[in-house]
Amino acid sequence: MERVLRAVEQVPRGRLVAYGDIARTVGIGARQVGWIMRHWGSNVPWWRVVNASGQLPEHLVDEAHTLWAQEGIVPSGRGVSLSDYRADLAQLTIDWERACLDLSAD
DNA sequence: AAGGTGACTCAGG
DNA sequence: GCCTGAGCCACCT
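Number 94 in numbering that gives the first Met the number 0 belongs to position 95 of the first sequence; there are no gaps in the numbering.
Any given hint might turn out to be false.
With beta-carbon atoms standing in for the labels, derived distance ranges [stated by the list, open to error]:
no.: 1; residue 1: G33; residue 2: P74; range: 17 to 23 angstroms
no.: 2; residue 1: D61; residue 2: I93; range: 30 to 36 angstroms
no.: 3; residue 1: G76; residue 2: S103; range: 42 to 48 angstroms
no.: 4; residue 1: P11; residue 2: H58; range: 22 to 28 angstroms
no.: 5; residue 1: S75; residue 2: D105; range: 29 to 35 angstroms
no.: 6; residue 1: Q90; residue 2: E57; range: 29 to 35 angstroms
no.: 7; residue 1: R77; residue 2: G28; range: 20 to 26 angstroms
no.: 8; residue 1: N42; residue 2: L102; range: 19 to 25 angstroms
no.: 9; residue 1: H58; residue 2: G28; range: 20 to 26 angstroms
no.: 10; residue 1: G71; residue 2: S103; range: 31 to 37 angstroms
no.: 11; residue 1: C99; residue 2: D61; range: 31 to 37 angstroms
I should point out that these hints are in silico values taken from the structure, not numbers from a laboratory. We put the beta carbon where it would ideally sit given N, CA and C, even for glycine.
Throw the hints in and build the complete structure from the sequences for me.
What follows is the structure in structure tokens.
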């Protein structure tokens, strides 16, 4: 699950990813991502992680809208247009790994 | 050890 | 767009 949290941390400002994206990237079930977020999400940019419909659970939408506004994400309808802000999770993790290599290489 | 639950997702109707 | 059913797997009774 460390991988999950790391993946979420890699999501850049103004971008979003779906639980399923993370799930497939780190190779676990989508529900596990949700479970992890519930326990450790408070320590990562959880608002950049939404479900496949671009929505969040009721108790979070309010916070999320505020944070999204700060990131320049404009909600559409009940959630956000995931397709408009979706980040390439796989690419992000690759970038992160390469960054680590660069650091050690130097 | 077995069964229920969940910040989910996908395919079908 | 909405509802159902099945798959998912870590965690908790």
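Consistency of the hints with the structure:
1. G33 / P74: 17 to 23 angstroms: holds, 20 angstroms
2. D61 / I93: 30 to 36 angstroms: holds, 34 angstroms
3. G76 / S103: 42 to 48 angstroms: holds, 45 angstroms
4. P11 / H58: 22 to 28 angstroms: Given range 22 to 28 angstroms: holds, Cβ gap about 25 angstroms.
5. S75 / D105: 29 to 35 angstroms: violated, 43 angstroms
6. Q90 / E57: 29 to 35 angstroms: holds, 31 angstroms
7. R77 / G28: 20 to 26 angstroms: holds, 25 angstroms
8. N42 / L102: 19 to 25 angstroms: 23 angstroms Cβ-Cβ, so the 19 to 25 angstroms window holds.
9. H58 / G28: 20 to 26 angstroms: holds, 23 angstroms
10. G71 / S103: 31 to 37 angstroms: holds, 34 angstroms
11. C99 / D61: 31 to 37 angstroms: holds, 36 angstroms
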